[in-house]
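Chemist: Protein sequence lines correspond, in order, to chains A and B.
The opening residue of the first sequence carries number 0 in numbering that gives the first Met the number 0; numbering runs sequentially from there.
The opening residue of the second sequence carries number 0 in numbering that gives the first Met the number 0; numbering runs sequentially from there.
Please note: incorrect hints may appear among the correct ones.
Pairs count within a copy or across copies, as identical chains cannot be separated in the list.
[To be verified] In silico lysine-lysine, BS3-like type, Cα no more than 27 angstroms apart, as pairs:
1) K306 / K216
2) K273 / K218
3) K218 / K306
4) K281 / K29
5) K306 / K211
Since the hints were derived computationally from the structure, they do not count as laboratory data.
In case you want the letters, here they are:
Protein chains: 2
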Amino acid sequence: MMHRQQTALVVGSSGSLGRCLIEHLSRDLKVRVIGADVIAPSSEDESRLTGGFVELPNTTSLPELTMALTDGLHQLIEDDQELDAVICVAGAWEGDPLLPSLPPPIDIIAENDEDDNNVQRLWLLDCAREYSENVERMLGKNLYPVLAAGYASQNYMTEGGGVDDDDNDNGGLFVAIGATAALSSTPGMLGYGLSKVATHHYVQTLGETSGKAVTTKSKRKLARRIRNHSSTQSYLNRLSVVGILPTTIDTPANRQAMPNEDFSEWTNSIDIAKEIGLWMRKPALRPHSGSLVKVHPNSKGDGAEFKVAR
Amino acid sequence: MMHRQQTALVVGSSGSLGRCLIEHLSRDLKVRVIGADVIAPSSEDESRLTGGFVELPNTTSLPELTMALTDGLHQLIEDDQELDAVICVAGAWEGDPLLPSLPPPIDIIAENDEDDNNVQRLWLLDCAREYSENVERMLGKNLYPVLAAGYASQNYMTEGGGVDDDDNDNGGLFVAIGATAALSSTPGMLGYGLSKVATHHYVQTLGETSGKAVTTKSKRKLARRIRNHSSTQSYLNRLSVVGILPTTIDTPANRQAMPNEDFSEWTNSIDIAKEIGLWMRKPALRPHSGSLVKVHPNSKGDGAEFKVAR
């Protein structure tokens, strides 16, 4: 069986999961891959990014990020080219900043009550800044790349419908990485949890705006109105949107951060990469649009299981 | 029965729901109210804010907002004063920006292909900016005030435990306004949905960090570790955190925006204000900490029903 060459945009292409994904797509599946990341690709990665690379700004500003990706794709993609898949694997983890258990450092000598009050004030403001910047960073690293990818790619996403191999229901595919932890409350990692729960909501919302969604009658009606509003939205008719929710991915950084955990409980990047590749090749095997799919290692230890959670 | 005077911080005190709430708390329940808003209070409102007012910056920066509220409270609240309740009713609604159904304006005459390409590029960047700024505004107006209120108030929130009237289990109360719509996908109002789903997650997370949460054993253990980490966190032992999820609140702005809707299906601000007042007075009537409570008008049309959704 011959496939036409497919094109994928991978946002987060220089990360651990991203590098594994572009290797699998480019080398094993002969997909033309466009990369995007805040970190430039290594020369090894560059050889896999046959579609080019967009260097993203390291920013917590959503407009800045979205405009940079939009601009980069505009420069890389010709008018008649299409994206078959957009996969956002950018992300990072941070816990809440530890609240200081002590009052302001006692080596700052306050001469009087007014000084004392001012020392306390600056210390309170410092703590407030630290807390909020943690939330901002988590939104910036986990949620905003997904929103930027979803927005910037819409002008290029394939409408599908061509006869492609044995499966002609080949609309575009959008994949983002969520987190099993964010399916419920996340004490101790508020910013991370907020960014992932919002990512899940994006997957569900874009997914249920698609013509492939299985949802309520009123949502289907609303989604149809949105799709019909603009001719630029026809890619939504056959788009599949899926969130992959790992617990922990087995990466060098995670092993270093949690050396005493049982690594066999962690999901290998290649298992996620292969599943995404499968969804690109065999659209019939995709979960329904808007679904959140948990992944964990299978019991035999030679792969991973993907199960729809929501 | 006599109550000691309670103190409440109301973030969003100049909005429609906020004004109704400060009137009810201050006039009917004799609560000492501290207001906070981007809009200065009217002289009528000012007379109800016997605890003072913090003017917030109109910003989409979470650190800026959190620091401003932290600083304002530091200046207003004496060391031995306590907050009995923090209620965040700030918020706004916007739908997605309509995607232009037309290519760039044809009155821009492009001299050649390069100009043409540049016109298209600037137009794409404009659309990207509009889309992202909508998301930023919704996070800034709906989510960030909740996060800022939760953070800034922690230094002052009562630990409870005193004998107060007929109910001595009187820990602090934190209330935020969510949205029934954000319990599922929100096509057509992505930014709003993201901001509200994240608000729900904050309520669940802060709520389940409290000693009053009904949750899993592992979450209780984790939450206990967080509470014990710092002496500043002891208010969490008895804190109740509740999200109120309306469909539509009956406000002049909403009547103007949706003149053809059935207003009797909308919730009156006073019914929300009264329920919050009840939770302040009778802690035993509070929903469990971390819960999301839907509100809609009752069938008799003379009040509202509050039902735990999650």
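Chemist: Take the hints in turn and mark each one as holding or not.
Modeler: How the hints compare with the structure:
1. K306 / K216: both (25 angstroms within a copy, 25 angstroms between copies)
2. K273 / K218: neither (32 angstroms within a copy, 33 angstroms between copies)
3. K218 / K306: Answer is both; intra-copy 24 angstroms and inter-copy 23 angstroms each pass.
4. K281 / K29: within (15 angstroms within a copy, 66 angstroms between copies)
5. K306 / K211: Within. Shortest intra-copy distance 19 angstroms satisfies the 27 angstroms Cα cut-off; inter-copy 33 angstroms does not.
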